[in-house]
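All chains should be modelled from the sequences, with the hints used to inform the complete structure.
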Amino acid sequence: MNWSKAKSIMVIIFIFLNIILYLSIRNLNVPLKETYTSKDLKAVLSVLSDNNIYINTHIPEGIRKMPLLKVERQNIPFEYIKNSFLKGKTYRTYKKGGYNFYESGNLFIKTGTGYFYYSVKNQNFEKMDNNEKAEYISDFLKRYNLLEKNAKEQIYKNNGEVIFIYTENYNDYFLDLGKIEAKMTNNYFTVEKTWFLPVKIESRTKEVIPAIEAIMKLIEINKENETIKIEQINLGYYFNWQNAQMGDAVPVWRLTDSNGKCFYINAYTGIIENGQ
Amino acid sequence: MKERLKSILLFFLVIMSIYMTYLLWISFPESSIFTKKSTALQVDIFHIIRPQYTIINLDNDKKEYVKKEDQFLKLWENTIAYVKNCKSIKDYNIDKSTWDEKGRDFSLHFYMYDGFNAELFKELLSDNKTFFKKLNGSFEISEVLFDLENGWIYIKNNKKDKYSALECEGNTKNITNYIKSLNNQDVTVCQTVYQSGYNDYFINGNLFLPTYNKDFTIEKLFNKDIYGYGYLNKIISNLFINMSVVREINENSGFIVYTDGIRSLRFHKSDFIEFYNTSTDNNLSDQNASLNFALNFLSQTGISLNKIHLATIKKLNNNYEFYFNYNANLPLRVLDKYADYYPIVVKINGGDVKYAFIKLLNLYPGGYYADQILSPEKILKDISETLKIKMPIDNLKLVYLYKDNHLIPSWELKKDKNIYYINAFDGKLIDDGV
Numbered sequence: 001m002n003w004s005k006a007k008s009i010m011v012i013i014f015i016f017l018n019i020i021l022y023l024s025i026r027n028l029n030v031p032l033k034e035t036y037t038s039k040d041l042k043a044v045l046s047v048l049s050d051n052n053i054y055i056n057t058h059i060p061e062g063i064r065k066m067p068l069l070k071v072e073r074q075n076i077p078f079e080y081i082k083n084s085f086l087k088g089k090t091y092r093t094y095k096k097g098g099y100n101f102y103e104s105g106n107l108f109i110k111t112g113t114g115y116f117y118y119s120v121k122n123q124n125f126e127k128m129d130n131n132e133k134a135e136y137i138s139d140f141l142k143r144y145n146l147l148e149k150n151a152k153e154q155i156y157k158n159n160g161e162v163i164f165i166y167t168e169n170y171n172d173y174f175l176d177l178g179k180i181e182a183k184m185t186n187n188y189f190t191v192e193k194t195w196f197l198p199v200k201i202e203s204r205t206k207e208v209i210p211a212i213e214a215i216m217k218l219i220e221i222n223k224e225n226e227t228i229k230i231e232q233i234n235l236g237y238y239f240n241w242q243n244a245q246m247g248d249a250v251p252v253w254r255l256t257d258s259n260g261k262c263f264y265i266n267a268y269t270g271i272i273e274n275g276q
Numbered sequence: 001m002k003e004r005l006k007s008i009l010l011f012f013l014v015i016m017s018i019y020m021t022y023l024l025w026i027s028f029p030e031s032s033i034f035t036k037k038s039t040a041l042q043v044d045i046f047h048i049i050r051p052q053y054t055i056i057n058l059d060n061d062k063k064e065y066v067k068k069e070d071q072f073l074k075l076w077e078n079t080i081a082y083v084k085n086c087k088s089i090k091d092y093n094i095d096k097s098t099w100d101e102k103g104r105d106f107s108l109h110f111y112m113y114d115g116f117n118a119e120l121f122k123e124l125l126s127d128n129k130t131f132f133k134k135l136n137g138s139f140e141i142s143e144v145l146f147d148l149e150n151g152w153i154y155i156k157n158n159k160k161d162k163y164s165a166l167e168c169e170g171n172t173k174n175i176t177n178y179i180k181s182l183n184n185q186d187v188t189v190c191q192t193v194y195q196s197g198y199n200d201y202f203i204n205g206n207l208f209l210p211t212y213n214k215d216f217t218i219e220k221l222f223n224k225d226i227y228g229y230g231y232l233n234k235i236i237s238n239l240f241i242n243m244s245v246v247r248e249i250n251e252n253s254g255f256i257v258y259t260d261g262i263r264s265l266r267f268h269k270s271d272f273i274e275f276y277n278t279s280t281d282n283n284l285s286d287q288n289a290s291l292n293f294a295l296n297f298l299s300q301t302g303i304s305l306n307k308i309h310l311a312t313i314k315k316l317n318n319n320y321e322f323y324f325n326y327n328a329n330l331p332l333r334v335l336d337k338y339a340d341y342y343p344i345v346v347k348i349n350g351g352d353v354k355y356a357f358i359k360l361l362n363l364y365p366g367g368y369y370a371d372q373i374l375s376p377e378k379i380l381k382d383i384s385e386t387l388k389i390k391m392p393i394d395n396l397k398l399v400y401l402y403k404d405n406h407l408i409p410s411w412e413l414k415k416d417k418n419i420y421y422i423n424a425f426d427g428k429l430i431d432d433g434v
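Chains as they are written, first to last, in the numbering used here: chain A, 1 to 276; chain B, 1 to 434.
These are computed hints drawn from the structure, not numbers from a lab. Being a predicted model, the structure only gives us computed values, none of them experimental. Yeah, the Cβ is synthetic: ideal placement off N, Cα and C, and Gly gets one too. Treat the hints loosely; a few may be bogus.
To spell it out: a stretch of chain B is covered by chain A in this simulated footprint if at least three of its residues, at any positions, have a beta carbon under 8 Å from a beta carbon of chain A; those stretches are [to be verified]:
hint, segment
1, 17–26
2, 144–152
3, 398–407
Derived CB-CB ranges, DEER-like [claimed, not checked]:
hint, chain 1, residue 1, chain 2, residue 2, range
4, A, Leu147, B, Glu3, 14 to 24 Å
5, A, Gln242, B, His406, 33 to 43 Å
6, B, Gly351, A, Asn222, 47 to 57 Å
7, A, Gln154, B, Lys315, 37 to 47 Å
8, A, Gly260, B, Ile26, 30 to 40 Å
9, A, Gly260, B, Leu24, 40 to 50 Å
Written out as structure tokens, the structure reads:
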């Protein structure tokens, strides 16, 4: 037996095999093509408008497959609260409805599973202009390490009110309910934070339904036949299991109306999703 | 040198192909191999639908309590076979005195669970078209009396105090011979008291009083945990139509939840499972079809249908609630934080399982208790003194109580809506049921 010749043949066979495998994997992961033509889309929009539902935004196309994402709620430990905000202060602490409360003069802090709320009252806040307020908020968030990576920042300044909002993202998908909101209004400064730590992404990916299918679910939701104007359509992750520290966040289509109300549609199954 | 390079290249290509095969495998969407197949139900329905207690009435006014599961089932099985095969002559409505009189003859007396109605037997005993079909479907069969002398079958509706009799011709010889072959290990002499005074105490319901001699021993039962995470993976794959969309949630209370947004399975360590289904499908299904759904569901959860039986049926509009119990020589009661009374409940609505609770028990015998149980007189005396329970009580039964992972032989005492459990060996109150 010519061992050298056999090896050459095997090398050629394996090169072909690897090419086939590579092409198969690539084909499986290319964005899925929408099967809706512009005519279909028009018909769908017409049906929606007959049901008082109007789409005022671009409908996403070419959706990839998505895996489940295991997330863990970020808890703020008591040691952090004590060392950061209560050091050297006399404070009162108590528990109620699954939350821990800390009070010290004008300072009020509330923590729970994956939840943190900070509020302080100070007459000086009213004397600050918008830029000073923004600077204070930015410094505060940095000083107490409340900022996170993978966050999208939005800043609003309006009539003496300054709001910093950070929404959580994972691989360009939103991670709903992962949010930091720091607000200064009149003589109050508040910070509210719910954040998720992505723990593990499932290796198996699954097809998600086209956005148009999710939108059609609004007809089922809108039983009262009220006017719904959809302003945003986004694909992301949702985890809203209140009494769970950890779990799989599911891909959802989030449809946001003109009043800021969100409708979540499970992007795997197309059912209306409450996160539970 | 060239050969060495070729070998390295070949090695690299083999590794690459293995890796890409793995990538390809995990990239596949869930295919048909992951979708669930419905399995045909393999179960002897009369092992599921069975009496709670079996008493043999001997002609000399002696009564024997059938202790063992095997004998108990054999008698029930033979009775069902007899009803299926006998030639129906006529059926009658009878009065209480006739019923009582027949109970003194050589007969088999089956005490059924609550909620067993004629509907349940009608279809299952379809061979016999005359008798059960004539009964109103809601006729609750609380007791069945099989007269072994003349081959007649009597049934009693406890709630409405109604009695019916079926005159039929058949061969009772096999059953009679079987009863004669039973020995002290299988049966024990007992007396029953029904709606009458017992010594100084009065009991409204049934009381089976085994004779307290060395022959009356209670089997020790243990629970062997076999429901680990391997079991969990199996039932998840059985219960969810598309596994690929099932997500896992770790609740703070220690539960693990698996859900696809419509169906949810809560698993508590290896202790019990809860199932919720929020689908709004609404197909009408009758009681027997619903029972079949419930049994199918239980077999999907890995519960061996040979190890359970139906304990109670509750009906509300189109909803059926089926309560099941694990087979044991005495009825089993479960008392813990999450379960109440029966270990298994399956609720069916619109032809689909909407809720289920399954206490995961794997019972196995471990010999007999050496101690004698306390007599009912002693129990009744103690409770009337210490607990100030006034007579009459409603019921007193010997049961296994599952509590804190132990099976305790106990007297179950019912008074109004309260249930009391008293340790059958030391007389201590285990639970006051309030």
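Status of the hints after comparison with the structure:
1. Coverage of the segment 17–26 of chain B by chain A holds in this model, with 6 residues showing a Cβ closer than 8 Å to a Cβ of that chain against a need of three.
2. Taking a C-beta to C-beta cut-off of 8 Å, the segment 144–152 of chain B contributes 0 residues in contact with chain A, too few for the three needed, and the coverage statement is violated.
3. Residues of the segment 398–407 of chain B with a Cβ under 8 Å from some Cβ of chain A number 0, which does not satisfy the need for three, so the listed coverage is violated.
4. The hint said 14 to 24 Å for the Cβ distance between Leu147/A and Glu3/B, and at roughly 58 Å that hint is violated.
5. A hinted range of 33 to 43 Å for the beta carbons of Gln242/A and His406/B is consistent with their spacing of about 35 Å.
6. Judged by the Cβ atoms, the range 47 to 57 Å given for Gly351/B and Asn222/A is violated: they are separated by roughly 29 Å.
7. A hinted range of 37 to 47 Å is violated for the C-beta pair Gln154/A and Lys315/B, which are about 56 Å apart.
8. Judged by the Cβ atoms, the range 30 to 40 Å given for Gly260/A and Ile26/B holds: they are separated by roughly 38 Å.
9. Taken as a hint, the range 40 to 50 Å holds for the pair Gly260/A and Leu24/B, whose Cβ atoms sit roughly 43 Å apart.
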